[in-house]
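Could you slot chain B onto chain A? The hints should help.
2 protein chains.
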Amino acid sequence: MERCRMVFSGSGGQGVITAAIILAETAVLHENLEAVQTQSYGAAARGGATRSDVIISDTTINFPKVIQPNVLVCLTQEAYTKFSAIIRPGGLLLTDPRFVTPQVKVDARQVALPMYERVMEQIGKPIVFNICMLGAVVGLTDLVRPQSLVKVLSERIPSGFLEMNEQALELGLAMGRDVG
Amino acid sequence: MERCRMVFSGSGGQGVITAAIILAETAVLHENLEAVQTQSYGAAARGGATRSDVIISDTTINFPKVIQPNVLVCLTQEAYTKFSAIIRPGGLLLTDPRFVTPQVKVDARQVALPMYERVMEQIGKPIVFNICMLGAVVGLTDLVRPQSLVKVLSERIPSGFLEMNEQALELGLAMGRDVG
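Residue numbers (the numbering used here), protein chains in the order written: chain A, 1 to 180; chain B, 1 to 180.
In isolation and in its complexed conformation, chain A is listed as follows:
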């Protein structure tokens, strides 16, 4: 595989860090890949956009920070405004129209998927929005196998909440594949 550099961005509480950790663990534990997952906080993080970086590769990763992501997810307008310019030319920019109105043209494929709306319609729990987003990323990129993600979810998530997380993952996978 090529090295994939990703940035998941949004606001605190949307679960972008958790989604990034689940993806990194899946790659390492079940796909025989290397992964690094980072949060960089700074002055801008105070009241600002949360950012979580993941690099997945089949070779050793030396520098763990993402400068130009191949895949950029923005789940708030603020995150979009702040990060859309860093996308790698030819990369993929995923947003949710509930939270982001694209305003600039970037040299990347822009995909807007109504993930939040579908989660609320079909599951009714905003807490699994991040897992739906993760499903959409994997549906679009085929970075890891969905069954490997399910394994990690089932190890990390209390049993009473597992089903809604699996549903959210499936929802996202289907949405990502539809446009993938």
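It is worth saying that the hints were derived from the structure and are not from the lab. Backbone N, C-alpha and C fix where the C-beta goes; we use that ideal spot for every residue, glycine too.
Now the in silico label distances, taken between C-beta atoms and shown as ranges:
{"id": "1", "chain 1": "B", "residue 1": "Gly160", "chain 2": "A", "residue 2": "Gln122", "range": "20 to 30 Å"}
{"id": "2", "chain 1": "B", "residue 1": "Lys151", "chain 2": "A", "residue 2": "Thr60", "range": "37 to 47 Å"}
{"id": "3", "chain 1": "A", "residue 1": "Arg177", "chain 2": "B", "residue 2": "Val104", "range": "43 to 53 Å"}
{"id": "4", "chain 1": "A", "residue 1": "Thr60", "chain 2": "B", "residue 2": "Val104", "range": "25 to 35 Å"}
Structure of chain B alone, referenced to chain A:
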């Protein structure tokens, strides 16, 4: 402040990643510091020791990986064996005697605190062991103010679980200060 580089290590499920994220968020949101928090996974992570790095500083952090930690926490024998050699000379090595029997001499202050035992005696829930460890680190180092940690806990942790987390934090703080 001087830049503080930390590595929290243990096995999956001990909560070292969560502890690192809570510490990094506390530093940034309530102490006006910069922080970077990283997980590096690799071949060794499969069935091996989990490692979570945190750097806290009052100036911009460029390289987010920790090579030589000032503070190293090892919560399993395997993590101890793997990471004890990387401690910065003059640093602090924190272990729990329930899980780690020190076997090598390092050029650092070695502190063994029975955090797990105290958590089980006084709270009875192993799930808050990581928060007790975080309290001990802060009790030993004064890196952030305890009330700032409590703010982050109260934002992140569901209300039904908050009290036991605060208890675990207090327990760790007291143990850390006692030897600090």
